[in-house]
Amino acid sequence: MDGPKTDTRPEDIQDVHGFSRFAEAVVPRALRLAARWTGDVQLAEDLVQEALTRTWQTRHRIRTSPEAWMLRILWRLFLNERRRSRPEDLPWDVHGGAAAQGIPQERALDRMWIGELLALLPERDRQLLAMRYGEDLTVQQIAAITGMREGTVKARLSRALRRLREMGEGAGGPSAAGRWGCGETDGG
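Those letters in the sequence shown? Residues 0 to 187, per numbering that gives the first Met the number 0, in order.
The set of hints was computed from the structure by calculation and includes no laboratory data.
Glycine included, C-beta positions come from ideal geometry on N, C-alpha and C.
Warning: the hint list may mix true and false statements.
[What the hints assert, rightly or not] Derived DEER-like restraints, expressed as beta-carbon distance ranges:
1) 57 to 27: 20 to 30 Å
2) 161 to 14: 14 to 24 Å
3) 118 to 14: 42 to 52 Å
4) 57 to 119: 32 to 42 Å
5) 119 to 60: 32 to 42 Å
6) 119 to 16: 22 to 32 Å
7) 55 to 6: 12 to 22 Å
8) 154 to 118: 33 to 43 Å
9) 17 to 157: 17 to 27 Å
10) 115 to 41: 21 to 31 Å
11) 122 to 40: 12 to 22 Å
12) 55 to 83: 19 to 29 Å
13) 82 to 115: 42 to 52 Å
Could you put the whole structure together from the sequences, leaning on the hints where they help?
Below is the structure:
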């Protein structure tokens, strides 16, 4: 995936109808990301709604990808919310409702095991992993959303995956990153 999921250009979202089409295309991904970041579906919906409102209000300033612009706003709203809340109020939801989604028990247990390993990583690294492997965003897209340099994103992803592998092997289980085929962080 080399670009944003939508082919929306800045000029496509200047009227209500165009913006509505854009919102329909981008909201599912934005909700998944926000829910992973916050662990709270209601809070995720609130953040996405606010991000859409701010994107609409600033649409005349968008020069590149409207999706990247909106996800950057969402990221900043999440960081602001996290600063206002205690860290334990914003859990990392790695299970994604495994039982509710009908995922086989073995796979659900694998997810729980990986979730325990992920919980040991710094929060920012978990967020980057969620963007890269949970939503399949490219390194370039993550850099645009977070304001980090691409090299920093690659380094943090690589370090996080290495730590997951080491922790997984040290715990006597399969390598979390290797088992899920997440060992590479190239330009993506």
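Hints and how they fare:
Against the hinted window of 20 to 30 Å, the Cβ-Cβ separation of residue 57 and residue 27 comes to about 22 Å, which satisfies the hint. Roughly 47 Å separates the CB atoms of residue 161 and residue 14, a value that falls outside the hinted 14 to 24 Å. Range check, residue 118 to residue 14: about 45 Å between beta-carbon atoms, so the 42 to 52 Å window is met. For residue 57 and residue 119, the hinted distance range of 32 to 42 Å is satisfied, since their beta carbons lie about 38 Å from each other.
Evaluation of the 32 to 42 Å hint for residue 119 and residue 60 yields a pass: the beta carbon distance comes to about 40 Å. Distance hint check for residue 119 and residue 16: the Cβ-Cβ separation is about 47 Å, which falls outside the suggested range of 22 to 32 Å. The beta-carbon spacing between residue 55 and residue 6, approximately 19 Å, falls within the hinted interval of 12 to 22 Å. Distance hint check for residue 154 and residue 118: the Cβ-Cβ separation is about 21 Å, which falls outside the suggested range of 33 to 43 Å.
For the hinted restraint 17 to 27 Å between residue 17 and residue 157, the CB-CB distance of approximately 39 Å leaves it violated. Hint check: residue 115 to residue 41, Cβ distance near 25 Å, so the stated range 21 to 31 Å holds. Roughly 19 Å separates the CB atoms of residue 122 and residue 40, a value that falls within the hinted 12 to 22 Å. Evaluation of the 19 to 29 Å hint for residue 55 and residue 83 yields a pass: the beta carbon distance comes to about 24 Å.
At about 26 Å, the beta-carbon gap between residue 82 and residue 115 misses the expected band of 42 to 52 Å.
Of the hints listed earlier, those the structure fails to meet are numbers 2, 6, 8, 9 and 13, in rising order.
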